[in-house]
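Going by UniProt numbering, the first residue of the sequence shown is number 1, and it counts up by one from there.
Derived from the structure by calculation, the hints contain no laboratory data. Even glycine gets a Cβ: it sits at the ideal position worked out from N, Cα and C. One or more of the hints may lead you astray.
What the hints assert, rightly or not - When the alpha-carbon atoms are kept at most 30 Å apart in a straight line, the in silico DSSO-like pairs for lysine-lysine are as follows: (1) Lys175 x Lys133; (2) Lys133 x Lys227; (3) Lys87 x Lys133; (4) Lys165 x Lys332; (5) Lys227 x Lys95; (6) Lys165 x Lys227; (7) Lys235 x Lys212; (8) Lys227 x Lys332; (9) Lys175 x Lys95; (10) Lys165 x Lys87; (11) Lys98 x Lys212; (12) Lys98 x Lys227; (13) Lys235 x Lys95; (14) Lys175 x Lys87; (15) Lys15 x Lys175; (16) Lys212 x Lys175; (17) Lys212 x Lys133; (18) Lys332 x Lys235; (19) Lys227 x Lys87; (20) Lys98 x Lys87; (21) Lys289 x Lys165; (22) Lys133 x Lys98; (23) Lys175 x Lys165; (24) Lys87 x Lys235; (25) Lys289 x Lys133.
Claimed, not checked - Computed beta-carbon distance windows for the label pairs: (26) Gly264 x Glu240: 16 to 22 Å; (27) Met111 x Arg285: 56 to 62 Å; (28) Cys232 x Ser352: 30 to 36 Å; (29) Trp10 x Tyr73: 45 to 51 Å; (30) Met288 x Tyr73: 42 to 48 Å; (31) Glu240 x Ser352: 33 to 39 Å; (32) Glu240 x Ser146: 36 to 42 Å; (33) Asn169 x Gly143: 54 to 60 Å; (34) Glu343 x Glu240: 32 to 38 Å; (35) Ala318 x Thr251: 22 to 28 Å; (36) Glu115 x Ser43: 39 to 45 Å; (37) Glu238 x His76: 45 to 51 Å; (38) Asp118 x Trp10: 42 to 48 Å.
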Amino acid sequence: MPRKRKRSSWGSIAKTGRDTYVLRWWEDAPEGRVRRCETFHGSRREADDRMAEIRVSSSRQAAPALSYFWNRYYSHDVARLRPNTQKLYLSAWRKAEKTLGPSPVSAITPMMIQEQMDTMGAHAAHQFQGVVKRTLDYAVVLGVISSNPADAPLRLPDKVKEYGKGVYNRGQIDKLLEIVRGSDLEAAFILQGCGGLRVGESLGVMVDEVTKHEGYATVEVRRQILKDGEACRLKTDESERTALVLDPYATRLCELAAGEHAGGWLTDNGLGGPCSRWALLRRWRWAMKHLPDGMEPIPMRNLRNSYETWMHWEAGIAVDIVSRLMGHRDVKTTLDHYDRPGENTIISRAVSAVGLGGRNAS
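Taking the hints into account, I'd like the entire structure generated from these sequences.
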């Protein structure tokens, strides 16, 4: 006896045995429109009721998964970033893809995001939240969800490692340069502490990009060297700039550039290629072990902070000018993250500004 099939304007019910029915329908899913079926055991009336429930449930269009918005939209934004920044974002997305990627965006809650962040270090959690937030922003813009759960006041894990924030003043920079004078990496340290270049930028300068002027030198900053020794574009468009090195550091830098008669990299690896960050770090660690009494070790990255601080507070150059020399978009970035004068320096400058430098208090 042939199966009895009842068709309607939505789905179908086919009897396949005693009190057994197969329900079939089309449904919108994150991957597109798909065919669904379900075997139901019960009376015909109960099968009709079940089909009505399915129709009501399916009429609420399924929200696409988080991975859909990454693949369709945000991944294209990431592809336009600098290579080093891309690596950070892609690493964060790989974590998000495993945990939240398959979830419909309408089902993602702040607690789901927080639970994943709690398994990471502070920096990784910050990157994770940022990638998830920007991916979900597309779901908000397209009207799939009304608000972004990643905008909730999520808590970053406690920092496992707190980087030192110490900086060197101009006198301490002089002592440091005496320690590394004559080494094959001296120029890189001058560019960082006396020119404000980032670590990777200080290794990416070519000999012909250093120009001597009366009392100063200019340095064309056009590329950076990554940890693996590969040369690539700079961090941001603003990072491509002309840096300033004042005398006496400018004179010494130009002497080092002049000594490289064959041209090429100002700081090379001895084989014609750029020096690696690892070699520079080894030399830095050696220098930190040979500091004079009274000088505390600082992370190498803080030479850039040192440059901003002594140029602003000791050389007296306006912070907006120093900000531009460092390749920042705005002064706020400079003041928030790089300007680190000590209390004595601030008081001394304030006293000098009002002409009290040589007076005795009455």
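Hint-by-hint comparison with the structure:
no.	hint	verdict
1	Lys175 x Lys133	violated, 46 Å
2	Lys133 x Lys227	holds, 28 Å
3	Lys87 x Lys133	holds, 18 Å
4	Lys165 x Lys332	holds, 18 Å
5	Lys227 x Lys95	holds, 22 Å
6	Lys165 x Lys227	holds, 22 Å
7	Lys235 x Lys212	holds, 26 Å
8	Lys227 x Lys332	holds, 28 Å
9	Lys175 x Lys95	violated, 45 Å
10	Lys165 x Lys87	holds, 26 Å
11	Lys98 x Lys212	violated, 53 Å
12	Lys98 x Lys227	holds, 27 Å
13	Lys235 x Lys95	holds, 23 Å
14	Lys175 x Lys87	violated, 37 Å
15	Lys15 x Lys175	violated, 91 Å
16	Lys212 x Lys175	holds, 23 Å
17	Lys212 x Lys133	violated, 47 Å
18	Lys332 x Lys235	holds, 18 Å
19	Lys227 x Lys87	holds, 12 Å
20	Lys98 x Lys87	holds, 17 Å
21	Lys289 x Lys165	holds, 18 Å
22	Lys133 x Lys98	holds, 16 Å
23	Lys175 x Lys165	holds, 19 Å
24	Lys87 x Lys235	holds, 12 Å
25	Lys289 x Lys133	violated, 43 Å
26	Gly264 x Glu240: 16 to 22 Å	holds, 20 Å
27	Met111 x Arg285: 56 to 62 Å	violated, 43 Å
28	Cys232 x Ser352: 30 to 36 Å	violated, 44 Å
29	Trp10 x Tyr73: 45 to 51 Å	violated, 32 Å
30	Met288 x Tyr73: 42 to 48 Å	holds, 46 Å
31	Glu240 x Ser352: 33 to 39 Å	holds, 36 Å
32	Glu240 x Ser146: 36 to 42 Å	holds, 41 Å
33	Asn169 x Gly143: 54 to 60 Å	holds, 55 Å
34	Glu343 x Glu240: 32 to 38 Å	holds, 36 Å
35	Ala318 x Thr251: 22 to 28 Å	holds, 25 Å
36	Glu115 x Ser43: 39 to 45 Å	holds, 44 Å
37	Glu238 x His76: 45 to 51 Å	violated, 23 Å
38	Asp118 x Trp10: 42 to 48 Å	holds, 44 Å
Comparing the model with each numbered hint stated earlier shows that hints 1, 9, 11, 14, 15, 17, 25, 27, 28, 29 and 37 do not hold.
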